[in-house]
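S.K.: Below, each chain spelled out in residue letters.
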Amino acid sequence: MTAPLIRIEHLTRQFQSGGGFLSRPRSMLAVRDVSLGIARGEAVGVVGESGCGKSTLARLVLRLIEPTSGRVSFDGTDLATLSATALRRMRRRMAMVFQDPYSSLDPRHTLTQVLAEPFQVQRQPLPPGTIAALLAEVGLPEGLADSHPQQLSGGQRQRVGIARALALRPDFLVLDEPTASLDVSIQAQIIALLADLRGRLGLTCLFISHDLGLVRYFCDRIVVMYLGAVVEVLPDPAAAPRHPYTHALMDARFAPDPAQRKRLAPLSGEIPSPFALPAGCAFAARCPHATDLCRRESPRLSDDPAHPVACFHPL
Amino acid sequence: MIAPVRALQRPQGGLAGLWLALVIAAALLAPILSPYAFDAQDLPNAYRPASAAHWLGTDEFGRDLLTRLVWGARTSLSVAATAIAISVFCGMVLGAAAAWFGGWLDRAVTVVVDLTWSFPEILIALILVAIIGPGTLGTMIAISVAYLAQFTRLTRAQILTLKGETFIEAARSLGASNGHILFRHLLPNALAPVLVSAMLATGDAIILEATLGFFGLGAQPPVPSWGGMMSAGSALVFKAPWIIIYPGLAVAITVVAINLYGDALIAALDIRQKLRRSP
Amino acid sequence: MTALLDLASVSVSIGSAPLLDSISLRVDRGQIVGLVGESGSGKSLTAMAAMGLLPLIGGRVTGGNVRFDGQDMALMTDTQRRVLRGRRIGFVTQNPMTALDPVQRIGEQVDVVSRLHLGLPQAAARVRTLDLLTQLRIPDAASVAEAWPHQLSGGMKQRIVIAMALAGEPDLIIADEPTTALDVTVQAQIIQILGALVRDRGLALLLITHDMGVVAQVCDRVAVLYAGRLAEEGPVSDIFAAPAHPYTSALIGCIPQDGMAQGSLRGIPGAVPSALAMPPGCRFHPRCERASDLCRTVVPAPESCGQGTVACHHAGVIA
Numbered sequence: 123m124t125a126p127l128i129r130i131e132h133l134t135r136q137f138q139s140g141g142g143f144l145s146r147p148r149s150m151l152a153v154r155d156v157s158l159g160i161a162r163g164e165a166v167g168v169v170g171e172s173g174c175g176k177s178t179l180a181r182l183v184l185r186l187i188e189p190t191s192g193r194v195s196f197d198g199t200d201l202a203t204l205s206a207t208a209l210r211r212m213r214r215r216m217a218m219v220f221q222d223p224y225s226s227l228d229p230r231h232t233l234t235q236v237l238a239e240p241f242q243v244q245r246q247p248l249p250p251g252t253i254a255a256l257l258a259e260v261g262l263p264e265g266l267a268d269s270h271p272q273q274l275s276g277g278q279r280q281r282v283g284i285a286r287a288l289a290l291r292p293d294f295l296v297l298d299e300p301t302a303s304l305d306v307s308i309q310a311q312i313i314a315l316l317a318d319l320r321g322r323l324g325l326t327c328l329f330i331s332h333d334l335g336l337v338r339y340f341c342d343r344i345v346v347m348y349l350g351a352v353v354e355v356l357p358d359p360a361a362a363p364r365h366p367y368t369h370a371l372m373d374a375r376f377a378p379d380p381a382q383r384k385r386l387a388p389l390s391g392e393i394p395s396p397f398a399l400p401a402g403c404a405f406a407a408r409c410p411h412a413t414d415l416c417r418r419e420s421p422r423l424s425d426d427p428a429h430p431v432a433c434f435h436p437l
Numbered sequence: 016m017i018a019p020v021r022a023l024q025r026p027q028g029g030l031a032g033l034w035l036a037l038v039i040a041a042a043l044l045a046p047i048l049s050p051y052a053f054d055a056q057d058l059p060n061a062y063r064p065a066s067a068a069h070w071l072g073t074d075e076f077g078r079d080l081l082t083r084l085v086w087g088a089r090t091s092l093s094v095a096a097t098a099i100a101i102s103v104f105c106g107m108v109l110g111a112a113a114a115w116f117g118g119w120l121d122r123a124v125t126v127v128v129d130l131t132w133s134f135p136e137i138l139i140a141l142i143l144v145a146i147i148g149p150g151t152l153g154t155m156i157a158i159s160v161a162y163l164a165q166f167t168r169l170t171r172a173q174i175l176t177l178k179g180e181t182f183i184e185a186a187r188s189l190g191a192s193n194g195h196i197l198f199r200h201l202l203p204n205a206l207a208p209v210l211v212s213a214m215l216a217t218g219d220a221i222i223l224e225a226t227l228g229f230f231g232l233g234a235q236p237p238v239p240s241w242g243g244m245m246s247a248g249s250a251l252v253f254k255a256p257w258i259i260i261y262p263g264l265a266v267a268i269t270v271v272a273i274n275l276y277g278d279a280l281i282a283a284l285d286i287r288q289k290l291r292r293s294p
Numbered sequence: 005m006t007a008l009l010d011l012a013s014v015s016v017s018i019g020s021a022p023l024l025d026s027i028s029l030r031v032d033r034g035q036i037v038g039l040v041g042e043s044g045s046g047k048s049l050t051a052m053a054a055m056g057l058l059p060l061i062g063g064r065v066t067g068g069n070v071r072f073d074g075q076d077m078a079l080m081t082d083t084q085r086r087v088l089r090g091r092r093i094g095f096v097t098q099n100p101m102t103a104l105d106p107v108q109r110i111g112e113q114v115d116v117v118s119r120l121h122l123g124l125p126q127a128a129a130r131v132r133t134l135d136l137l138t139q140l141r142i143p144d145a146a147s148v149a150e151a152w153p154h155q156l157s158g159g160m161k162q163r164i165v166i167a168m169a170l171a172g173e174p175d176l177i178i179a180d181e182p183t184t185a186l187d188v189t190v191q192a193q194i195i196q197i198l199g200a201l202v203r204d205r206g207l208a209l210l211l212i213t214h215d216m217g218v219v220a221q222v223c224d225r226v227a228v229l230y231a232g233r234l235a236e237e238g239p240v241s242d243i244f245a246a247p248a249h250p251y252t253s254a255l256i257g258c259i260p261q262d263g264m265a266q267g268s269l270r271g272i273p274g275a276v277p278s279a280l281a282m283p284p285g286c287r288f289h290p291r292c293e294r295a296s297d298l299c300r301t302v303v304p305a306p307e308s309c310g311q312g313t314v315a316c317h318h319a320g321v322i323a
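Protein sequence lines correspond, in order, to chains X, R and V. The first sequence begins at 123 in my numbering and counts up by one. The second sequence begins at 16 in my numbering and counts up by one. The third sequence begins at 5 in my numbering and counts up by one.
Please keep in mind that the hints were generated in silico from the structure rather than gathered at the bench. Even for Gly, the Cβ is constructed at its ideal location relative to N, Cα and C. Take the hints with a grain of salt, since some may be wrong.
[Claimed, not checked] Cβ pair distances, simulated, as ranges:
| no. | chain 1 | residue 1 | chain 2 | residue 2 | range |
| --- | --- | --- | --- | --- | --- |
| 1 | R | 137 | V | 22 | 54 to 64 Å |
| 2 | X | 384 | R | 126 | 58 to 68 Å |
| 3 | X | 187 | V | 303 | 27 to 37 Å |
| 4 | R | 126 | X | 187 | 52 to 62 Å |
| 5 | V | 300 | R | 108 | 58 to 68 Å |
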């Protein structure tokens, strides 16, 4: 196998919060010791619930925020060794689609300005006809070129966000919950568009989502995160979960089929505060299989390259 | 269509715009329009009420009131507008720098701004005029410093809010430089609320200029200003009330018009929310 | 039998915009009815109409009538309608973060409902509150009752909101997207707890959602709204087995399922039309695979279909 396009090694990010006039600042580890390689052309999904650090991970990978420790290499280059200018130039090869299509486009810019911006900031010539071609690529009529984002629907805006990300033909695309604020019918449209573009452009993708079903549809490999740490890596979308949390995530989805109704057995308890992580396994308090060992010691991600899982009692 | 024009299409905006256009035109064209020289004395015809020769009457030296009112507009408007323009420019630079760089610069700017903010504008202006000395220049500087805190604060708040928007992060993810983000995204988006608030502050500045003029600290005689004219007229309020009434009305109507037009502009720009959020 | 909630050809306008067109919907005692559709389809507006809350958002019923337990809501006084809400209709909002008063303890906020609507003294109200919280599977109910809203997680807050809706011993609960703001695992929890509680007490539930999976999981019947009109209504088992309306089958097809091949998820092309530019004929025709000239000109009338109704010229025909 060739070297991975993205190599993430022991990535950790700590955040400080509060620290006002009278209160002492509290710190939390949003991302804890995450390592991951993404091969060229591969689509890796990251799933987890709010506060699991998946969006922070996305931003760390693109170095939109600095890690507290650990490193990210892109195509063999450690991003931390690049000068600010070199990193900016490197950004033409990686792009991001954001969750909220309402705030990710400058309200004062027309679609033409939005789509020309990548060329502008990378000081590249804008070949004539590019804007129209980009709009067509994401299924938008050319007539929208002079409109402002406010005149578009949520789905149309997200298409613009995708066109902007693809404008410079990057190798690597990070999708941060690209459909979380859209209706299901529009979500399916956007996912279909992304799957199609991914195939045609040979993109390497990191797909962040809270929806395991969506990730299983779109990705080749799935990373499950819980409170900042990777608890399991599913080697393929159909793999049976080994971590009880992954199992719970799958169980939480209701199939659109009344014949498959579930008995009431979803997780009891709630996600602990990331500011006060329990000792031992972070999932122990909600886990039906937890033992004293789980509450005392923190399980490490197993070295099993085929199907790593961080659990003392894998299923 | 652009917002300033849309504002004119609202009834109160249109009326206010008409008056402002009239006053500005009069101020600009004062040397051509006015039938007399502003300092042409005619003592035998002093204290005359309105007549065909003097549409608004004459003052205690027999000078034509309409002429002095039009020249006064020139002084008042230019002092107020220039002062606010200086204030807006400096405030935007300071506010944007504070919000953008953060750290000690932000803390320093915030402390100074909060200190200035805790004094009334008139007090700051009086102290500054006392230091610089009375006259048009002193008034201008005093007014611009008095309003500096307001624009610094507003710009800083705008930029801080905008900095958190996803489109800023999106620009950064494309490889945009700080300069690009500041001049292409942050400042254009912060501009509208700042300009509207500048418009409204100009109204206040006209009153402040008139107040300083009334205390004899503004434009020095014989150069007419609305405040100076009212000051002179105040002693003669029973003998020749029109000397104080006309400049007083000019100040009042102009300030009301600025506020009405500003309100129409806020509605046309749809930024009520933004203005409320900031200071 | 008289339906508990009966909307008969209800049309609603806000200002000059007609937003609901002749919606008929019935909820019987002990029944869980799902109301689904994309945003802009009029789901929440239907709920507002059912509770007589339209004036709050400047809307009014322009046709048909809303009956609760046989009584026409339009003929009630404001006071009667107010007593009806809370006492006989409980409401669960979408966002639990803003539904609770931040400066009142949790227990007091639930107590007040049974004191007000059932006339219970404080001590008895508190006993009921703790009982309700326990039934909602809130661990250590007594200390949660003493907590402030900001100390609770989103899922916990939503359970409190459900407790408040149940506290007045209503006959009907209307829940507007009760789990959209919550995490996946918590969503499943809340939906199942709500479903089980409603069943145990023999209450009726009108559950507004955009998630066909949730409908399949807990509902008895489902009504599918599109652009202010009823597309299809019927028993959940029938509709999921063989959706008659193309919109219903497209909505079900939007959910990625296990074993789905890459490229099989297509979504529904286009978007819900704006209320001010509704297409003529069937409002779904610009997005519909089965659309014919008939669909482009003639509004399809609701016709009965099995144990439900469907409004489509080509109902059930597989394209």
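S.K.: So, for every hint listed, does it hold in this structure?
M.R.: Hints, one by one, checked against the model:
1. R:137 / V:22: 54 to 64 Å: holds (56 Å)
2. X:384 / R:126: 58 to 68 Å: Since the Cβ atoms of residue 384 of chain X and residue 126 of chain R sit about 59 Å apart, the hinted range of 58 to 68 Å holds.
3. X:187 / V:303: 27 to 37 Å: violated (54 Å)
4. R:126 / X:187: 52 to 62 Å: violated (29 Å)
5. V:300 / R:108: 58 to 68 Å: Holds: the Cβ-Cβ distance is about 59 Å, inside 58 to 68 Å.
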